[in-house]
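Undergrad: Using the sequences and the accompanying hints, generate a full structural model.
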Amino acid sequence: MAMPRTTRPDGVCADVRERLSFFEVAPNRPGVTLVGAVRDGLLAPRKKLPSHLLYDEEGSRLFDLITELPEYYLTRCERAILEKYAPEIVAGLGQEIDLVEFGCGSGAKTRAMLRATTETQGTTRYIPIDISGEHMRASALAWLAEFPKLEVHALAAEYRDGLDAVPDGDRARLFLFMGSNIGNLELEEATSFLNDVRRRMKDADGLLIGFDLVKDPRALIAAYNDARGVTARFTKNLLVRINAELGADFDLAHFEHDAQWEAEKERMTMHIVCTRRQCVRIEALDLFVPFEEGEKIWTEISQKYTLDSMRSLLSSAGFELGHVWHDPDQYFAVGLARPVGKDTLR
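Take the position in the sequence shown, starting the count at 1, then add 12; the result is the number in my numbering.
The hints are all genuine.
Derived EDC-like pairs: lysine to aspartate or glutamate, alpha-carbon spacing no greater than 16 Å straight-line:
hint : residue 1 : residue 2
1    : 227       : 278
2    : 161       : 108
3    : 227       : 276
4    : 248       : 307
5    : 60        : 268
6    : 227       : 320
Here are the simulated distance ranges between beta carbons:
hint : residue 1 : residue 2 : range
7    : 272       : 352       : 34 to 40 Å
8    : 201       : 291       : 30 to 36 Å
9    : 52        : 80        : 31 to 37 Å
10   : 320       : 299       : 41 to 47 Å
11   : 134       : 298       : 54 to 60 Å
Please keep in mind that the hints were generated in silico from the structure rather than gathered at the bench.
Computed from a predicted model, the values in this text were never measured in an experiment.
Glycine included, each C-beta is placed from N, C-alpha and C at the ideal position.
TA: Right under this line is the structure:
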């Protein structure tokens, strides 16, 4: 259930405050919380921590730095696509819309869509869903200051919990799943999530999805192993967070970031690798976790797609992939998906 929390940031004009609604949505699944995810993940035969735990305040700040790195082409390519084609996308919908976005982050990739909607219609309601509430709040205030015809109904939540709290309205909604966030989900998870989205959609709603394309593995490996080590700091910040919030004693000197290309599954996998045999105490869980030298904690995958494999994924969840836009190098794609068996956007 979404519980409203009054927002009164210092130095923000009354007009901006009045156009912002901020809600925190309590997780309804134990594995979503830090305590539940750490307990379940580190006691599993294959240690694994869900990627959404990476995005505390510091993790979100580090990820924003990653998106500006020369090796990390994803955000740059997607932003170029939207800056060029957002007016075409919005005009092609044929009606006024509200925007719902999963994983908005800093909003850099979303600005073109906000500009296109607010310039061509009356007030636009934007509903971002992001696990990093404070990061999203700061972004929302910047968007509201930039776009006078914008209203923001922000949901601090994990995707599925936030989806259940998305408000209905009279207008069609365009759901945005950008930034190759679909790639962070295993195939079964992606299908299940897209099914949930489709069930929540009204007849006239649509889905705009950004996905990273299969390409030369050298470009992929460089994107997730940057020369400056920012990605390594981002990944290992998860251990910093567990130390701070759960009283653990992870020694970061004995853990390393690792990213590998799995050619047979067409995906990157990210891990934190233990470099020596040891035992880590987690005080809040009254738990000791043994590690062998070379043992991995899985933190993320980043699935890469072809147009055919994305079309197949969407079809399995009841969508039809319509028009697709690319960057000039064909590194990245943004596609408009239509719910099959419903009255769709034109």
